Structures are given as structure tokens and as C-alpha cells.
Amino acid sequence: MTWRSSGWSLIMVLTVWSMTTTTTGQPQHDYALGIWSFGTLVLDSVRMLLLTQPLREFRHISDKVPAHKLPFLQRFFWIMSTTGRGIGWSFEVGTYAVDAESLFLIQIF
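For the sequence shown, position 24 matches number 23 in numbering that gives the first Met the number 0, and the numbering has no gaps at all.
Keep in mind that the hints were calculated from the coordinates and are not lab data. It should be emphasised that the depicted structure is a prediction, and the values quoted were computed from it without experimental measurement. No residue lacks a Cβ here, since even glycine has one placed at the ideal position from N, Cα and C. Some hints here could point you the wrong way.
[What the hints assert, rightly or not] With beta-carbon atoms standing in for the labels, derived distance ranges:
hint, residue 1, residue 2, range
1, 75, 49, 16 to 22 Å
2, 30, 50, 41 to 47 Å
3, 41, 64, 30 to 36 Å
4, 70, 30, 39 to 45 Å
5, 45, 76, 19 to 25 Å
6, 89, 36, 37 to 43 Å
7, 24, 75, 33 to 39 Å
8, 59, 31, 42 to 48 Å
9, 32, 69, 30 to 36 Å
10, 21, 55, 32 to 38 Å
11, 24, 59, 19 to 25 Å
Please work from the sequences and hints to get the whole structure.
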């Protein structure tokens with residue numbers, strides 16, 4: 000796990016450095032850029048590096064062999080093809096049905 004925490008620390012340092020040294024010249028755009036970089040880079044890196052083991056836990060619907068058994072270059076392209084939403088992956092959020100009572104309570108409030 001040390002390389003994973005080291006990788007996450009590197010991403011954190013680069014993100015904070017980028018957020019403090021990069022400017023668009025307009026405060027509202029700087030804010031949006033900071034929120035995007037924090038949300039996308041830091042939170043995704045926490046999920047991918049600290050909370051899960053993507054090579055062992057994630058599978059794409061077209062995978063024929065587990066990702067941890069692929070050669071390095073194929074693993075690189077495999078991990079680069081993941082999406083945050085997980086469409087077509089084993090971590091995809093499924094659809095859920097809402098019952099009529101819940102809809103009624105939502106309409107009341």
C-alpha cells in the first residue's frame with residue numbers, strides 16, 4: 000500500500016500546487032477550475048488509490064481475463080479507459096425504482 004499512498008500524496012501535492020499557481024485572471028473561473036481539479040483529481044484518486052484495488056475489483060463487460068493478469072502496457076490502457084460514472088464497468092450504479100409513497104412524500108415537502 001505504500002506505493003498507493005505515495006501516488007496519492009504526489010497527486011495531492013501537484014493538485015494543490017496547480018491550484019495555487021494557476022490563474023485564469025477571473026476569480027469565478029479560478030474558483031470553477033479549483034473545484035473541478037479538486038473534485039476530479041483528488042476525489043477520484045482517493046477512490047482509485049486508497050479505497051479500492053481497481054485491478055482486482057473492477058471489471059469491464061468486455062474483459063476476458065482479470066486486469067491484474069494483463070501485461071503492463073495493456074493494464075495501462077485498461078485503467079485509462081475507466082470512467083467516473085462506471086458505465087459498462089462492474090462499479091456502474093444500477094437503476095432503481097421509486098415507489099409511489101416516496102414520490103408522494105417528495106411532493107409534500
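Structure-based check of all given hints:
1. 75 with 49: 16 to 22 Å: holds, 20 Å
2. 30 with 50: 41 to 47 Å: violated, 27 Å
3. 41 with 64: 30 to 36 Å: This hint holds: roughly 31 Å between Cβ atoms.
4. 70 with 30: 39 to 45 Å: holds, 42 Å
5. 45 with 76: 19 to 25 Å: holds, 23 Å
6. 89 with 36: 37 to 43 Å: violated, 27 Å
7. 24 with 75: 33 to 39 Å: Hint holds: Cβ distance 36 Å, inside 33 to 39 Å.
8. 59 with 31: 42 to 48 Å: violated, 31 Å
9. 32 with 69: 30 to 36 Å: Given range 30 to 36 Å: holds, Cβ gap about 35 Å.
10. 21 with 55: 32 to 38 Å: With a Cβ separation near 35 Å, residue 21 and residue 55 satisfy 32 to 38 Å, so the hint holds.
11. 24 with 59: 19 to 25 Å: At 41 Å between Cβs, range violated.
Of the numbered hints stated above, those contradicted by the structure are hints 2, 6, 8, 11, listed in ascending order.
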